[in-house]
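As given, the protein sequences belong to chains R and C, one line each in that order.
Numbering-wise, the first sequence is residues 16 to 266 according to this note's numbering.
Numbering-wise, the second sequence is residues 4 to 247 according to this note's numbering.
A portion of the hints provided could be inaccurate.
Claimed, not checked - Under the rule of at most 20 Å between Cα atoms (straight-line distance), these lysine to any residue pairs were calculated in the SDA-like manner:
(1) R:LYS220 with C:LYS221
(2) C:LYS221 with R:THR140
(3) R:LYS105 with C:ILE178
(4) R:LYS134 with C:TYR56
To be verified - The calculated label-pair distances, taken between Cβ atoms and stated as ranges, are:
(5) C:ASN202 with R:GLY86: 37 to 47 Å
(6) C:LYS151 with R:GLU69: 53 to 63 Å
(7) R:GLY86 with C:TYR26: 52 to 62 Å
(8) C:ASP94 with R:GLY119: 20 to 30 Å
(9) C:SER28 with R:ALA121: 29 to 39 Å
(10) C:ASN202 with R:VAL253: 33 to 43 Å
(11) R:GLN53 with C:GLU40: 47 to 57 Å
(12) C:LEU207 with R:LEU246: 45 to 55 Å
(13) C:LEU112 with R:GLN53: 39 to 49 Å
(14) R:GLY119 with C:ASN77: 27 to 37 Å
(15) R:GLY86 with C:GLY75: 17 to 27 Å
(16) C:LEU173 with R:SER98: 25 to 35 Å
(17) C:LYS179 with R:ASN197: 20 to 30 Å
The set of hints was computed from the structure by calculation and includes no laboratory data.
Using N, Cα and C, we set each Cβ at its ideal position, and we do this for glycine too.
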Amino acid sequence: MIKIFLTLFFISNFLNAADSSSFSDKQRLLLVVKQMIQDEESIARAYENYILNEKKIPEDFDTLVTDEYLGSSFKSTLIPELSNFSFNFKKQLTSRFIKTSLQGDASYESIYESDSFRKKTYYNTNGTPDDKTDDFVGFKLEDEFVKHMYFLSSTGKFDLLECKDLNKEKYCWGEEDSDDENVIYIYTDDTQTDLLMYYSIDKFKTGPIIINKDAAPYDEDEFKALSRGVLLYDTSAVKYIKTLSSIEVLK
Amino acid sequence: MLGNIWLSSALIVTAIYSASSVYKSYSDAQEAKEIQENYQIITDIKTLLAKQYNKNPDEVTRDEIMMHLPSGGNWEKVLLLNRNKGSNIDDDALVDVDGNFVLNESEQLKLFALRAKLQNISSNEEIEDGTHTFQVGNIEKNIVNKNKTIDTSVEKAIEYLSEEILYSTLTTTQIKEKLETAIETYTPHSDIYQDMRENDTEVLTVTQLATRREAYFKEKIKEQLILNENAMETKLYYYLKDEL
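With the rest of the complex left out, here is chain R:
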């Protein structure tokens, strides 16, 4: 009798354990997906902070794994895939999910691709539904200065150097510790021969922006990126304003 009772007791416990593991297994996998999303959110935050502090865009993921940004001991569920990952001028990561064993399971996939648990990132279905190899997770930049720096860095050169640097670039900073330390100079090309404009970094949004009168009629691509309503002065002190489609003299 006791043997029968004990046998039934163990079977019952075994069944309960099996049931509970089905829930906990599912929850464990869901938490892995959540952790992946949270890691991507952390990377997006670190990416923005890096631009804000260093005034340049991070070259690769490893640049962010420091005490100041992600923390040097950042243990990400993504790290095996991300080590040596180059951002390649873009504020995005390739989709990590497709490389996991969960890929193809609709319930996990829809969570990863949705905006649930995402604030600074978004999932982009770049490919066709059957081919997700081109899908990526984009970063949303919030700070206006960071957006401007990202624009300059990504459309000009990867890293904004000082103008006196021997590796000349068409966009550059004023010399460090000088009066124009926080001034951005924009040239027509990397030879830095023909200056187009310069402005103090805190005036990037409203102006005044000083434009070179020799650059008239101001149809270079760089002038197209000036916001509407920005105040401009040319090097002969003539005042201009940027309209939606052109630069007009203010009389």
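Starting from the known structure of chain R, fit chain C onto it as the hints suggest.
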């Protein structure tokens, strides 16, 4: 002698009957309390997630609730019909995959308890094949939230377009294709709450409605780009102005 035995037996039977009645009442009260507690916990989790991620509480799924519950500690019991050891999510789910409460008609006590809980709360109860489904969370989505969702979609579309257009040399046709892809991918059809009719009598087909929503979304992209809020959007507008 016989009288004493009869009396003792009667007392024992009465005592057993009373004890079982008391236990049944206690157990019923516990069950009623548990289901009301579960409803409150699930509602709170849904509301929290909804507020945090700007979505409808009724759109929060069971998987998302599971992701929010702490692991271990038998927290899964709030998703189950009862808190017995043998209950599991596959056979005894109280919360279905869509995050709604489901109760079978045979669970009369739990149904009464839940209805008592919901008497002052707006909630939908649907009955199909003896299964009662209760929506957890508000049904109505507030307009401010929908505007936010539309704005977020515009933001995503602009991010996509800037990545695709500003860093490559594309032909006019390719730029047009990129814009079409962005509109197709990011138009938040379910969040565009305007009825899109030109007059009260107009009746739109599903296709017409979708086309007008896409046109509306395209207009929202143009409105944002025309604001020229930053260099990227200004330059993007320059490339897209003939297509918008």
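Results of checking the hints against the structure:
1. A C-alpha spacing of about 26 Å is found between R:LYS220 and C:LYS221, which places the hinted pair above 20 Å, so the restraint is violated.
2. Among the hinted pairs, C:LYS221 with R:THR140 is consistent with the structure: their alpha-carbon atoms are about 19 Å apart, no more than 20 Å.
3. For the given pair, R:LYS105 sits about 19 Å from C:ILE178 by alpha-carbon distance, which is consistent with the 20 Å threshold.
4. The straight-line distance between the Cα atoms of R:LYS134 and C:TYR56 is roughly 7 Å, inside the 20 Å bound, and the hint therefore holds.
5. Evaluation of the 37 to 47 Å hint for C:ASN202 and R:GLY86 yields a failure: the beta carbon distance comes to about 60 Å.
6. In this structure, C:LYS151 and R:GLU69 break the distance hint of 53 to 63 Å, their C-beta atoms being roughly 32 Å apart.
7. With their beta carbons about 55 Å apart, R:GLY86 and C:TYR26 fall inside the hinted range of 52 to 62 Å.
8. Roughly 26 Å separates the CB atoms of C:ASP94 and R:GLY119, a value that falls within the hinted 20 to 30 Å.
9. Between C:SER28 and R:ALA121 the beta carbon distance is about 45 Å. The supplied range of 29 to 39 Å is therefore violated.
10. The hinted range of 33 to 43 Å is not satisfied by C:ASN202 and R:VAL253, whose Cβ atoms lie roughly 52 Å apart.
11. In this structure the supplied range 47 to 57 Å is violated for R:GLN53 paired with C:GLU40, their Cβ-Cβ distance being about 29 Å.
12. Judged by the Cβ atoms, the range 45 to 55 Å given for C:LEU207 and R:LEU246 holds: they are separated by roughly 46 Å.
13. Distance hint check: the CB atoms of C:LEU112 and R:GLN53 are about 41 Å apart, consistent with the given range 39 to 49 Å.
14. Between R:GLY119 and C:ASN77, the C-beta spacing of about 31 Å keeps the proposed range 27 to 37 Å intact.
15. Roughly 26 Å separates the CB atoms of R:GLY86 and C:GLY75, a value that falls within the hinted 17 to 27 Å.
16. Between C:LEU173 and R:SER98 the beta carbons are some 33 Å apart, a value that agrees with the proposed interval 25 to 35 Å.
17. Judged by the Cβ atoms, the range 20 to 30 Å given for C:LYS179 and R:ASN197 is violated: they are separated by roughly 40 Å.
Of the numbered hints listed earlier, those contradicted by the structure are 1, 5, 6, 9, 10, 11, 17.
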